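Make the full structure from the sequences, and use the hints.
Residue numbers (this note's numbering), protein chains in the order written: chain A, 3 to 226; chain B, 296 to 756.
No wet-lab data here; the hints were simulated from the structure.
All values reported here derive from a predicted model rather than from experimental measurement.
You may find that some hints are simply not true.
Okay, the calculated bits of chain A under chain B, using three or more residues with CB under 8 Å as the criterion [to be verified]:
1) 14 to 26
2) 41 to 53
3) 102 to 113
4) 211 to 220
The C-beta atom is built at its ideal place from N, Cα and C for all residues, glycine as well.
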Amino acid sequence: MAIQLLYVEDDPEIGSWVSQDLKDRGYEVKWLKSGEGALDAAADAHLIILDVMLPGLDGFTVGQRLKRNYPQTPILMLSARSSIDDKLQGLQFADDYLTKPFHPDELTARIEVLIRRSGSLSDLPLELGHLRVYERENRIEHKDTGEEIILTGKQFQIFMYLIRHLGQIMTKEQIYEAVWGDPYLDGDKTLMVHIRYLREKIELDPAEPKIIETIRGIGYRVRA
Amino acid sequence: MKFRRFPKFRSSLLSRYFLIVLAALLFVPVVIPLSFLATWLMNSVVTTSQEKANPNYINSGYLTANWHDAAKQLADASPDKINQRLKEYKKKYPFATIFWVDHSGETHQLPPVLRKLPVQWSLEDTIQYMKKGGSDDNFFTVVAFIGDSPNKRQGFMGIEVPRSYFIKGASDSSSFSLFGITLLLLFAFFAGLSYLFFRDIRKRLLTLESAMHFPGEDGLPQKIHTGKADEIGMLEQSFNYMVDQLRESRIREVEEEHLRKRLVSNLSHDLRTPLTVIGSHLYSLKKENLSEQGSQSLTLMQDKMRDLDHLIDHLLSYNLLTSGKYAIHPKSQDILRIVRESAAAWYPLWEREGLEPDIDLDGESLIWPVDEQAFRRVLDNLFQNIVRHAKSGRYIGLSVECSPGRPAELVIHDRGPGMLAESSTKGAGLGLAIVKLLLKEMALKLDIDSTTEGTRMRIHP
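The structure is reproduced here in structure tokens:
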């Protein structure tokens, strides 16, 4: 089942271009030219892309209403208003804020991250190098042998966190705080130890990791 | 509101001050005689009131004059007439010893006899009596020749009144002290008047001062109650007028701030929307089959569009920053965390542009009072500059440097051609100007060491 997007944009040129591009990328897009009817249309959307300057109700108001009705559905603000005030106002309810002009690749990347994060996962397994990851079933197997790789709780949480932010570099603080739920206070060593054991299980050659990449001085990344 | 240049003379401080000075000048020539008059008046009032209180009391001066008068009137009078006259006195002063001595020296004492007198007076007795003015200190004695002259040879008449019957007449010393008191009272009155005059002025000036010094809830001085229409009253009116003006300008300022923010938001929208449309067409074009030259032009157009986008962003931010409308709320936090997150976001671009990141931020945290959004903006602008102008160095370094005696510094290092080098993408330096303004707002400093070998930017408190 294709991922369904609700896209609210009043500018016809931008609207038709973006919706066409997203359709080309395999999404199902419902494009509205104003916030009117957005509440109904959002019922079966996996993600909502919302402009701010709309005729009638502005995007902030529409977004707040949508979030109230569908708290699980991620909202991505796509606006030509770039001031900090606008961004902060938008991020009070929205999950991401992208300013125009933007590159369609960036929009797609952000959509993917949000979809992944929200748990609207596809049934198709994710292929990472020699691994095949079934996100819904929390199962990781060796692509060639079909052998299941068993991870401990923390190892699995770390790996899943990185997969949910596929292609993004996550800092040590972000990973530690997401997995352990505690503030990062020199949790450096703990995280490093867990990553080392995780690599021993999932990497072909733990000395030269291919799946989990170390970004020196910053954190880790799992490339798509 | 209209103001008089000067207050009416009648109600001015100047006129009141003149009055006080005039009073001071008139003090000597008018007030001193006035105080004499007052003393005299008080004396007579006191005397009259004492006489009223006890009609038996008599005044020695009056009695003496009166006795001599009576004696004069009795010139050539018969003994009966004299007796008759003295009887009247006896009636008036029953407590007095009244007598007369005829030319033969015989005493005629009026009954009842209160004191024994010689029956027959010799010349010596008479002289002795007159010399002593009576025989006893307890009596006040007046003696007068009948006809008021010894030549009449009618003898003399005398009256002795016990001293207790006399009013203690206003003596010199008592009248002097009365005068002094009056003078003192007048002085006190004058001093009090001056004090009240200046106290009033002082009080009003202090009220004005405190109204200026202690602003109300809105941070503006509060209006004050205007009193008299004198110079200070006018100052108070002007002060209230100024407060009104301030309040109006504050309201205008808030409106202006609101308008400016809306304008910036709308401008941003109006500039970026067509840019997005252009971008969408460039993107679509790129998918077409283009010649190599066409493809190059397209890439260039996309680059320039991105520059334009940044420029718009910078211009609008700069506008808000320089007009003080960019909200910055610094709070103490670990900036290395922000640097790491920001670097994580930029990392893919650095990789794409061929910059080799060298990030060494391990170790202690660096707690500075910063506004997270503003600090991210600073880093974004600096990283963007490196991507645009120092790509050729193929290097970006982020590190924390601690040198003894100096606070730790965040160092952003590139190996580009330096800031003085010509760059095709060089702009008006708005990005750096914004960085400096933001850092200043957060009490941080930026030092730049730029050579042709590269640029080191050091951020420190």
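Structure-based check of each hint:
no.: 1; hint: 14 to 26; verdict: holds (count 5)
no.: 2; hint: 41 to 53; verdict: violated (count 0)
no.: 3; hint: 102 to 113; verdict: holds (count 5)
no.: 4; hint: 211 to 220; verdict: holds (count 4)
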